[in-house]
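Novice: Listed in order, the protein sequences are those of chains A, B, C and D. Under the working numbering, the very last position in the first sequence is 352; numbers go up by exactly one each time. Under the working numbering, the very last position in the second sequence is 352; numbers go up by exactly one each time. Under the working numbering, the very last position in the third sequence is 352; numbers go up by exactly one each time. Under the working numbering, the very last position in the fourth sequence is 352; numbers go up by exactly one each time.
None of these hints come from the bench; they were simulated from the model. Hints are supplied without guarantee of correctness; some may be wrong.
When chains are identical, the list treats them as one kind, so a pair holds in a single copy or across two.
With a straight-line Cα cutoff of 20 Å, these simulated SDA-like cross-link-like pairs (lysine to any residue) come out [what the hints assert, rightly or not]:
#: 1; residue 1: LYS195; residue 2: SER42
#: 2; residue 1: LYS31; residue 2: GLU341
#: 3; residue 1: LYS114; residue 2: PRO307
#: 4; residue 1: LYS47; residue 2: LEU282
#: 5; residue 1: LYS258; residue 2: ALA213
#: 6; residue 1: LYS266; residue 2: GLN57
#: 7; residue 1: LYS258; residue 2: GLU276
#: 8; residue 1: LYS111; residue 2: LYS271
#: 9; residue 1: LYS146; residue 2: ILE268
#: 10; residue 1: LYS266; residue 2: VAL173
#: 11; residue 1: LYS271; residue 2: LYS304
#: 12; residue 1: LYS100; residue 2: LEU339
#: 13; residue 1: LYS31; residue 2: SER342
#: 14; residue 1: LYS195; residue 2: ILE286
#: 15; residue 1: LYS304; residue 2: GLY211
#: 16; residue 1: LYS9; residue 2: LEU96
Below are the chains, spelled out letter by letter.
There are 4 protein chains.
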Amino acid sequence: MIKVGIIGATGYAGGELVRILSAHKDVEIKWYGSRSYIDEKYARVYQNMFQIVDDVCMDDNMAELADQVDVIFTATPQGLCGSLVNEEILSKVKIIDLSADFRIKDVKTYEQWYGIEHKSPQFIGEAVYGLCEINREDVKSARLVANPGCYTTCSILTAYPLAKEGVIDMHTLIVDAKSGTSGAGRGAKVPNLYCEVNENIKAYGVATHRHTPEIEEQLGYAAGEDVVISFTPHLVPMNRGILVTEYATLKKNVTEEQIKAIYDKYYSDEKFVRVLDGGICPETKWVEGSNYVDINFKIDPRTNRVVMMGAMDNLVKGAAGQAVQNMNLMFGLKESEGLELVPMFP
Amino acid sequence: MIKVGIIGATGYAGGELVRILSAHKDVEIKWYGSRSYIDEKYARVYQNMFQIVDDVCMDDNMAELADQVDVIFTATPQGLCGSLVNEEILSKVKIIDLSADFRIKDVKTYEQWYGIEHKSPQFIGEAVYGLCEINREDVKSARLVANPGCYTTCSILTAYPLAKEGVIDMHTLIVDAKSGTSGAGRGAKVPNLYCEVNENIKAYGVATHRHTPEIEEQLGYAAGEDVVISFTPHLVPMNRGILVTEYATLKKNVTEEQIKAIYDKYYSDEKFVRVLDGGICPETKWVEGSNYVDINFKIDPRTNRVVMMGAMDNLVKGAAGQAVQNMNLMFGLKESEGLELVPMFP
Amino acid sequence: MIKVGIIGATGYAGGELVRILSAHKDVEIKWYGSRSYIDEKYARVYQNMFQIVDDVCMDDNMAELADQVDVIFTATPQGLCGSLVNEEILSKVKIIDLSADFRIKDVKTYEQWYGIEHKSPQFIGEAVYGLCEINREDVKSARLVANPGCYTTCSILTAYPLAKEGVIDMHTLIVDAKSGTSGAGRGAKVPNLYCEVNENIKAYGVATHRHTPEIEEQLGYAAGEDVVISFTPHLVPMNRGILVTEYATLKKNVTEEQIKAIYDKYYSDEKFVRVLDGGICPETKWVEGSNYVDINFKIDPRTNRVVMMGAMDNLVKGAAGQAVQNMNLMFGLKESEGLELVPMFP
Amino acid sequence: MIKVGIIGATGYAGGELVRILSAHKDVEIKWYGSRSYIDEKYARVYQNMFQIVDDVCMDDNMAELADQVDVIFTATPQGLCGSLVNEEILSKVKIIDLSADFRIKDVKTYEQWYGIEHKSPQFIGEAVYGLCEINREDVKSARLVANPGCYTTCSILTAYPLAKEGVIDMHTLIVDAKSGTSGAGRGAKVPNLYCEVNENIKAYGVATHRHTPEIEEQLGYAAGEDVVISFTPHLVPMNRGILVTEYATLKKNVTEEQIKAIYDKYYSDEKFVRVLDGGICPETKWVEGSNYVDINFKIDPRTNRVVMMGAMDNLVKGAAGQAVQNMNLMFGLKESEGLELVPMFP
């Protein structure tokens, strides 16, 4: 059994880690870290886990935790993992960081967009960007995995094959993203109240959202050039789900069949990426609760653009599910172990 | 492997059977029956099953089906199972009927409340009412199981221990029930449109809902007397979940500890019934996607009443999950096989 | 023009007062009181009022306010109005208190259920309980009106005619109430977050909710006897709306026509109470945004009970709308002035 | 009093016309046309109108209607108005058509996108495109007004000033639109069921939606050149509201102040267009139930694009409200008569 510790176990992403890992046959959760609920029963914070989890919440002591477990998940705000990790800890335990601390290779870009100083830039180089479908081999041998952001996972996977194959003009790429409200976390803030979100939709963080440079960096690697995009997130009245609608001008004269073939080249062997049949637009409900990303596209000959669409559960493939997928790779397990979650409909 | 056929596989309850059974390690689904979608790919009707189910939908031919499978689930409107079943079929195959046809022992009561003639009353006697927690032993040897209704499962389990122990005056029992909209099925009707249900709550079927006699019959067995109740269902703007709030006058002077002890007597060994800690009211979200029923109660000394509450996912414990639980019992499998579904929150 | 001051203008009930009063032809709002947002533009707190309201928020200074306006609305938590009001203020200005401070005539009952000491019990006697349909004449001459609670308005109006006419056994009355989330206010608390409320329903405050004694007192006056009821509120995933489902045993052998006649006797001349046609259950969506209460009932001959149902917008008839209705009466205006709000559907 | 007839009074847009016109002081509704509900009480179809509207529904007889009223609103699917209108009718009565029949000046474009033959192309020339803020003077003298589509109203008004002033490269314009579900109408179809829409978001009609040529034609007039855009609508789980997010490359080096000045030039005198303060993104909830369009923008210097955002109630400014605004202009009334609807929050 792999012994697991979770720092930040009572946020929504932490809760989803507990949901998935509590049913994972090779895992034992040893540490439910939550500063806000120390010594409280975990199942009192998340009553869905009543009679499933009996443990109480612990403090966020990474050094002590490193002696007790094989892998630590940090599901905390940016800055925390970066400030706690050190060589001694990394020599004892693997870390999968769900925050942004080790996602961006250029520390200046990180500090600029996140507005905080990076406390352990020396580990940025070895950290592996844990987008399993793209960096699978590197993840397997990693000590420190930077689990991708929710918007970024969906945005990158949706555009990756066309970026990689040079089909689209990367200077024209626009990502219009829509997210359910669990992406905003469990913090008690007026804008996240039921009555403020329900029957409402809005854009936020226009031209300034922190997931922008992460998407740009990864798609830049794929395209082999610097990429600068427009990225606009929107808040949608639903609990889970991210939909991205991406627009780009075609560089070549390609048919829908050719683009389909490109997507299939990259994803036909990928269990968790489903390229839908022609004419079917992805819907977030079809992937809810699962680790799938559903992708499709449409060529618009009138504008010479391709419209790419991707749908995903932000808490699963966009956070906890992908983190477990990374863990499976790092420990030599079947990549889909514990993640054979059938989407729930309705 | 148990070979399974589903008649009515494209309704919401049928879809939930597919979700659960497709992940059940001892089951192979051989027949996706759906009159409306014959020859269409099942995953085109439920895109969540894309790349999970490759089969096409078939007609509802129970006789042919009986030769091919070990168990048939009928997730169809009342009347269908009753009109198709016969001795030859029952000699070949077990049947779990999710409709109301074999739930009520008194055929006159059935015909009166449902307004249709029962086509095979000769099987009502042998049919076992498949509320596993109460009729477990009978289910194990049954050929024909009447899978309980959604409201009824929740209503009965919530009141059962107090009815059985004679603590409450059954003449005072009032069941005020609230259901998510999936209970109304997938039929295209104006009252079930998004804009009609969203931001709305209403009662319906007041004093006339068909689940009433089913609850009365079962609680009557428990109490050892004829039971007549008030039952009022309400439609709530959510996909899944049933909450029942039940009111009854106490016949004895009992403490909360004593009532808790009664609930524990019946349910402490039941995996799928969770009696919550004192003071915590059940919420449907805590059981969503799972086979759990969460129950609690509160004594009101001012009125000498006990308020009992139960929460459940109407498509799981209220339909498909309980049907699979029955199947597990009928085939000698672990009762919880395929049903270790952790509730999803949020 | 009637000069109006609002203390607590940035809560949901306060916001609704602003919505209604800003379109009231005889009213000028002079004071938007909000301790949390002093000196901020009101329309920054409620962007729906952009270019409609240009004022900034002020402190909650009732004494100063009393010199400037003709009527003060206090839309604040219990205790505040009771601690601020005094004879000098009441000699200058009329007060409509949307909190519970002056609703309950028995100060001991108030202090027991609310858990706070009443700071100005000397005004309880003269305060008029502002349920306009019942206390219209008293309201007209009142200096201090206690605006009824949301659950209570709906619960009382739904049962009032049958209680008054002695048709129902008051000892059997059970009120099962369901409310949208705006009733919980705009405070930033985890249980009111979108993801906690959405796709969820729960009971709360079982046998202990503070609106219980208010309903009991008023229905007691109607019935001419002490009344003790079971009252259970539920939180429903919608912004607005209260539905009550009330159960009572019939004391007399009455027909549906007779009960309809009783309702008509009390309400056929009431603009804001609509007794629906036979067989139609009230729905909260049909009154959304308006000052209407929709009422209907069903006799259940099997149990000898009558099921009464009432639907209302909790922020309008349950708070701000009724407060304006009271103001209209107190100032000799047309009772429906500013309240001719057509319900919005969908 | 202006006598009004509505053809299609029981669809959602028709219902909204009734809501608004029933409170309009200069209007009397004489004809509630609805083929589906002939002879049924209107308030039985829309119970919100109980005791407000007493009339029954009538057939869709435009010729007879033309003799009885001063203005006809057709809130019907495309094709109907075009097939009924003729010179005799237009000589007797003004027509405001909420369908697409007379919106597009190029009949070939209409027939190509809508897939039907236009039955009265002779009136296309005289029909005025009823976007009041742009074509106010022409509307005043029109016999036949083509009321703009919901997506189009929001899309055009949001981009119009920048298109008109030549600030943006029209070849780069991308409109990503999100709509509440009432835009899909009241037809009973599976994809519009509560359980299919709730907790879900999807794009639809990608690169093929019929509002595309309407936006292109109107923005083409503004820009003085042919315009071809990418337009992608999305279905959002809410009843009302449209949000558009529009992307375009800047042709000139402009500051945010300069763009703000351009918006103010066109809209500062417009009652129903609110250009928000800097940094505030429009939200559909802030305009719900009202005739407002809220607009704002953000320059992204990294990409040299401007992101424009507009929010609107699709049934009000996007349909019935704008139709009444047109009627007011056509009959010389105050333009905002009956439309001083304060947005409802929450």
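Novice: Starting from the hint list further up, note which numbers the structure goes against and sort them upward.
Specialist: Hint check: 7, 8 and 9 fail, others pass.
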